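S.K.: Each chain, written out:
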Amino acid sequence: MTQRLKLSVLRHGPLLTTITIFLLAYIIGAQLYPAMQRPQAFFNLFINNGFLLILGIGMTFVILTGGIDLSVGGVLALTTAASAALLNLGVSPLVVMPLMLVMGTTIGLGLGCLIHFFKVQPFIVTLMGLFLARGLAYIISLTSVTITDPLYKYLALTPIYLPFFAKAYIYIPTLVGPALLVVAVYLAYFTRFGRIVYAIGNNEQSAALMGFPVGRTKILVYALSGFCSALAGIVFSISLLAGYGQFATGVELDVIAAVVMGGTLLTGGVGNVIGTLFGILIEATIISILQYNGTLSSWWTRICVGVLTLIFIGIQSGFALRKKKS
Amino acid sequence: MIVMADPQNLITVSGVSKAFPGVVALEGVEFTLRKGEIHALMGENGAGKSTLIKILTGVEQPDTGSIELENTAISIRSPHHAQELGISTVYQEINLCTNISVAENIMLGHEPRRFGGICWKKLNELARQALARLGIELDVTQPLGIYSIAIQQMVAIARALAIASAKVLILDEPTSSLDATETARLFAVMRSLKQAGIGIVFVTHFLDQVYEIVDRVTILRNGRFVGSFEIAALSRVELVAKMLGRVVDELQALAHDKDQVESQSDKGRLIEASGLGLRGALEPLDLTVGVGEVLGIAGLLGSGRTELASLLFGIATPDSGSLLIDGQPVTRFSPQALIKRGVALCPEDRKAEGIVGDLSIRENIILGLQGRYGWFKFIGRQKQTEIAEKYIKLLGIRTPSPDQLVKNLSGGNQQKVILARWLVTQPRLLILDEPTRGIDVGAKAEIQKLVLELVKDGMSIVFISSELEEVVRISDRIVVLRDHVKVAEYDHAVSDRTLMQTMAGEA
Chain A
1 MTQRLKLSVL RHGPLLTTIT IFLLAYIIGA QLYPAMQRPQ AFFNLFINNG FLLILGIGMT
61 FVILTGGIDL SVGGVLALTT AASAALLNLG VSPLVVMPLM LVMGTTIGLG LGCLIHFFKV
121 QPFIVTLMGL FLARGLAYII SLTSVTITDP LYKYLALTPI YLPFFAKAYI YIPTLVGPAL
181 LVVAVYLAYF TRFGRIVYAI GNNEQSAALM GFPVGRTKIL VYALSGFCSA LAGIVFSISL
241 LAGYGQFATG VELDVIAAVV MGGTLLTGGV GNVIGTLFGI LIEATIISIL QYNGTLSSWW
301 TRICVGVLTL IFIGIQSGFA LRKKKS
Chain B
327 MIVMADPQNL ITVSGVSKAF PGVVALEGVE FTLRKGEIHA LMGENGAGKS TLIKILTGVE
387 QPDTGSIELE NTAISIRSPH HAQELGISTV YQEINLCTNI SVAENIMLGH EPRRFGGICW
447 KKLNELARQA LARLGIELDV TQPLGIYSIA IQQMVAIARA LAIASAKVLI LDEPTSSLDA
507 TETARLFAVM RSLKQAGIGI VFVTHFLDQV YEIVDRVTIL RNGRFVGSFE IAALSRVELV
567 AKMLGRVVDE LQALAHDKDQ VESQSDKGRL IEASGLGLRG ALEPLDLTVG VGEVLGIAGL
627 LGSGRTELAS LLFGIATPDS GSLLIDGQPV TRFSPQALIK RGVALCPEDR KAEGIVGDLS
687 IRENIILGLQ GRYGWFKFIG RQKQTEIAEK YIKLLGIRTP SPDQLVKNLS GGNQQKVILA
747 RWLVTQPRLL ILDEPTRGID VGAKAEIQKL VLELVKDGMS IVFISSELEE VVRISDRIVV
807 LRDHVKVAEY DHAVSDRTLM QTMAGEA
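Just so you know, the sequences run in chain order A and B. Each residue of the first sequence is one higher than the one before, starting from 1 at the first, in our numbering. Each residue of the second sequence is one higher than the one before, starting from 327 at the first, in our numbering.
Please keep in mind that the hints were generated in silico from the structure rather than gathered at the bench. Each hint should be verified, as a subset may be incorrect.
Here are a few chain B residues that face chain A, going by a calculated C-beta distance under 10 Å [claimed, not checked]: (1) Glu410; (2) Thr415; (3) Cys445; (4) Ile472; (5) Thr614.
Model, not experiment: these values are computed from the prediction. Just so you know, even glycine gets a beta-carbon here, dropped at the ideal spot from N, CA and C.
Please take these sequences and the hints and turn them into a complete structure.
M.R.: As structure tokens, this is what we get:
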């Protein structure tokens, strides 16, 4: 039994570490800035960073297969720019939103096909996807375009007051990330697709010899990430009520850092979306501490994330080495 | 050949050929697997066993020939398709995923569902039952990676059998990582499967096991079909003789060369190993190599000959005994340290371990020098070409120019480039592990001739080969290995029949 417990700790060690780091960061923040003790401060993490969570979920699946998707920020920006342009042309938001999701999924599908059929490195393919998508966003408009659509305004500005917490509120788009997380957990643990994603990340050749549809699964994973990017783009454009090619520049690296902090190995096969949630919460907490401080440069976010990620990778290797020994 | 539509036939392979760029892997292979039989597939390295298995499991498609399953022509499109047809395989290197649970490794692909999602409770239960049928009990919810290779092997078999319609089970060297008890357990399982009418293809190089469990055997050599035999009607020596084959002897002439150089081979000892061994790889053995001597190592695949080469070259560190070079003990075992002491190794798998196909002949040869001089010493282009041309001429490498890419050369010429690469470093001991494998008879003769010329110049050579005539022809002394043990040492006058008997364990 103790052996089992030990194995279980080693297995879930990285996730527990991530959760601990998040709690520590939040407690430190709350000590420094009492404003962070309000429940609303916690919900703000989700309000402000919901799009990161959505991107992170797609990215987690990609990284679990051993791949990488650098195109997410580009697809997000393209989605905001294209939505803004279409809405200003008077197209119904009920058409625009599904259209954007189809667009994102198609881009991901295309990148996935290039990676699988032409055996090109995911890094290169998705980097080109990033350039392409961001470039297209600037073709649509060189400046930020404001969205005036009533439905978008309604979604952006209507708070939902939460039960149990006095005066705590979120917005409708804030719910998208957590809802997607539930779907992602189901996808990862209760579907053949999810389990094959893990198998591929461990050993692609073995997965193929076990009779799994490796190619199809890999393509679908990039399509899923494209879908998530477009969904994040919709959420982003709702919260800012604007579309612009420069939105979320460099976000792909923040997302990858969060996924890694969440315990997902870049080599694939190990990790989960719950870890990614906490990885993103850590980033969000650091951002919010710096905002409460007000005097520090926003670059401190990156510095903290960098240092924490390095520490985390160290701890993770420690667990991996221990596991090998036992 | 007309194949009778015998209802007992499970798989009938006829006239199957398969070529890969530059090499014919299979040519006109025939193979019949009956219901409820255990059928061994045997042959040395490069015989085509793996290719045949890849064709049966849908990894590769044959160029010509037909495959029938229960007397119906089929084409196996993919591993997934093979499984659907009822052909399950356990590969030599266990092809499972170590990060997911044991239960998933067994059941995934045909997992039980509830409300559209995986029903974990039932999945774990079914996996437990599948393992119980093999007499194994373990926590199926743990990741596969925490268990030993032997257990993983059993899990792989459980997966192969969990596919409800499995009619054919292919076991590719399943016992190479199992100990005696585990092997016995596997054999018990194989026997009960045989009772149930499943046809088992059993690839192995352990002769004892073949005679213990197999009904019939099909032998391949150099991609060609040698024959299928009832095991009861085939003696061990006959089996080994058929596996190794007897090369039509246009090489006989070389024997005379051997007699001429023989007198030179007594200039003292270069290598002295006493009690050199590594647990699990090689039982402790004594070995000497004289200056200007060819020491032949004979033994079947898996007998420990490659392990011996790795010890002598420092790839592995022995855990017992000592190795002296020129009377000085070797204290640090690493290829780098032993290269400095003048040892060189041409590995068995030249594609994976010896050659850089995308570089030119010149660059490959210079790599050897660079290794010796260090990375920062610049060797001028003209000097490089000079060196390359010298060795191309010396070894008779057939190429239009030194700048030809090595991957475009034939197997024999590639082997010569590797030799050249080591020769530029002027080693004192050259270990050749299967230097003539997969190359044609003419090139073989040239390489053998070269070996004899090198020892004339005082180089010592350890010559490892499964082609006995070759070993007998050029070696001064021959060490025979069997099942990781040195079983005999002969002088060069030994007959290849005696050698064969020693290798087969009948002497």
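S.K.: All the hints need checking, so say for each whether the structure fits it.
M.R.: A quick look at each hint next to the structure:
1. Glu410: 8 Å, holds
2. Thr415: 8 Å, holds
3. Cys445: Given a least distance of 9 Å, the restraint on Cys445 of chain B holds.
4. Ile472: 7 Å, holds
5. Thr614: 40 Å, violated
Checked against the numbered hints above, the structure breaks only hint 5 and satisfies the rest.
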